[in-house]
Amino acid sequence: MRSGSRMGDAMWGLAGILIVLAAWELATRLGAIDPTIFPGPIAAIRSAAQRLPASVFLDNMAWSLFRVVGGFILGAVAGTVIGFAAGWYRGFGYFARPLIELLRPIPPLAWIPLAIIWFGLGEPSKFFIVFLGAFFPIVTSAYHGITHVDPSLIRASRSFGLKGLGMLFHVGIPASAPDLATGLRIGWGLSFGVLVAAELIAANRGLGFMIMNERTSGGSVSVIIVGILLIGLLNLVTDAALAAFIRRWIGRWHGG
Amino acid sequence: MSRTGPERASSAAGAAPMIDIRHVRKQFDVRGGGEALVLDDINLSIAANQFLSIVGRSGCGKTTLLNIIAGLDAASGGEVLIAGRRVVGPGQGQGMVFQQHALFPWLTALENVVFGARSLPLAKAEKIDRARELLQLVGLEASAGKYPREMSGGMQQRIAIARALALDPDILLMDEPFGALDELTRIEMQQELLRIWEARRKTVVFITHSIGEALTLSDRVILLAPHPGRVARDIAIDLPRPRSRTDRRFNEFYEQIWSGLSS
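Quick mapping for you: the protein sequence lines, in order, are chains A and B.
If you read the first sequence in the numbering used here, its first letter stands for residue -15, the second for the next number, and so on.
If you read the second sequence in the numbering used here, its first letter stands for residue 41, the second for the next number, and so on.
Read the hints as simulated data drawn from the structure, not as lab findings.
Do not rely on the hints blindly, as some may be mistaken.
With a straight-line Cα cutoff of 27 Å, these simulated BS3-like cross-link-like pairs (lysine-lysine) come out [what the hints assert, rightly or not]:
#1 B:K164 to A:K147
#2 B:K167 to A:K147
#3 B:K186 to B:K164
With the Cβ distance kept under 8 Å, some of the chain B side facing chain A (calculated, not the full set) [claimed, not checked]:
#4 Q134
#5 P145
#6 W146
#7 F155
#8 R158
#9 S159
#10 G185
#11 R189
#12 S192
#13 G193
#14 W237
#15 F290
Note that the coordinates shown come from a computational prediction; the quantities given were computed from them, not determined experimentally.
Ideal Cβ positions, reconstructed from N, Cα and C, are used throughout, including at glycine.
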């Protein structure tokens, strides 16, 4: 799936975004959509800026980012350790895998009532929900990676006298890095999604709270639209940063 | 200690073999009950510095035998001695080269070779020096910083040889190392291996499907017959090197091995 340079691909992507934005703006100006419930992008940004100072937007973004990073790190660490352990140690795998499979299909949002009861309305309940969003894709990918290490690499490392933990750290884990990296990216996207949903329901700051609060307090639809765009933008930028980190980490030897 | 000086090898009566395979038998449990006999009473004495090839059809147990010598697989009966010591696992002086180069893709060429020396009691800097020397030996010192995916099949296999040599093993066990290479690269690699073997003098056990390859390289060719795997012929190849495939005696040996394989 290679088409031209990375720069050229980016130009096409940017063109697509600009075209949609322009069509949206044009549609409101021509009266095709009602600007009181769906203002155009320029009007939305202008009136959102009039209604709330930039610091409010930045503050809510910072809170959302803080929660998603915190919960994601917890989920990534737990998912990586448990996934590797379940794949490497057969006995632990027998024990842990059914438990993971049992809990995995439960949507993280279904835990919100329990999270509130257990952890209250403060930050720990958000971390918990984000943790769940990150944990399952990461634990699954770590497990898949470590159970699919090329057997010839295992044999080769045995011929150099590696075994046990040495083999886990020098062969099992590095060989699983590409699978783990995929899980990390999926987990990051999911973490973001469940956080915003959790903030819609139970929070008093953050981007999810901000847009829901505008709706319930009879505020501005423009703020809601700008809030949604910020959610998308924040996710896009952070995912690109994660992708760049992964490229630096394994890109040269793994490709892509 | 896996290192054995020549004084020890020669202290026994006559020339003690580097590798002594005694009554080695291997059977696998078959799914659904029963056992399959893969190797039956293999006996081979391989002298130090000998280049020995094992030729046979798929399923004759060549790779299993090599894995037993390597200590990666346990025999069901009998034993293998390396320089007089019974093999109980890897790291007793066996260096291995696999069919799929089996380089670690996340390590550079140099790092892969350094990895080969990991169990040696050397400082990191010494291991790196040794690895650079070996890269030079296989003609790839300029590619030290490349990752396996950035190298051709022939280069990858050279690195794999350098990695196996990093342990300074007494013996080099090679499991169809050039089987996946194209014909031209394969011939180059055979010449390369002979050059390395002359430079570093190892006992080599080389597994191949190719009669021509075995004849080009070896002092001795073992024909393994299948079901169960057993030594069918043991042929000394007393041709001078470099060998020519059009040489009359080369072709006589070829016929001899071919008739052994097809009988």
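Hint by hint, here is what the structure shows:
Distance hint between B:K164 and A:K147 is fulfilled; the C-alpha atoms sit about 20 Å from each other, no more than 27 Å. Between B:K167 and A:K147 the alpha-carbon distance is near 21 Å, which keeps this suggested pair within the 27 Å criterion. Between B:K186 and B:K164 the alpha-carbon distance is near 20 Å, which keeps this suggested pair within the 27 Å criterion. Checking B:Q134 against chain A: minimum C-beta separation of about 7 Å stays under 8 Å; hint holds.
Checking B:P145 against chain A by beta carbon gives a least distance of about 5 Å; that is within 8 Å, so the hint holds. Residue-level restraint check for B:W146 holds (minimum Cβ-Cβ distance to chain A is 5 Å; threshold 8 Å). Residue-level restraint check for B:F155 holds (minimum Cβ-Cβ distance to chain A is 7 Å; threshold 8 Å). Contact between B:R158 and chain A, as hinted, is supported at the beta carbon level, the nearest pair being about 6 Å apart and thus within 8 Å.
With its C-beta approaching chain A no nearer than about 4 Å, B:S159 sits inside the 8 Å limit, and its interface hint holds. The restraint placing B:G185 at the interface with chain A is violated, with a minimum CB-CB distance near 10 Å, outside the 8 Å limit. Given hint, B:R189 at the interface with chain A, holds; its Cβ is 6 Å from that chain's nearest Cβ, closer than 8 Å. The beta carbon of B:S192 comes no nearer than 16 Å to any beta carbon in chain A, farther than 8 Å, and the hint placing it at the interface is violated.
The restraint placing B:G193 at the interface with chain A is violated, with a minimum CB-CB distance near 14 Å, outside the 8 Å limit. A hinted interface residue such as B:W237 counts as satisfied when its beta carbon comes closer than 8 Å to some beta carbon of chain A; here the least separation is about 19 Å, so the hint is violated. With its C-beta approaching chain A no nearer than about 33 Å, B:F290 sits outside the 8 Å limit, and its interface hint is violated.
Violated hints, in rising order: 10, 12, 13, 14, 15; the structure is consistent with all others.
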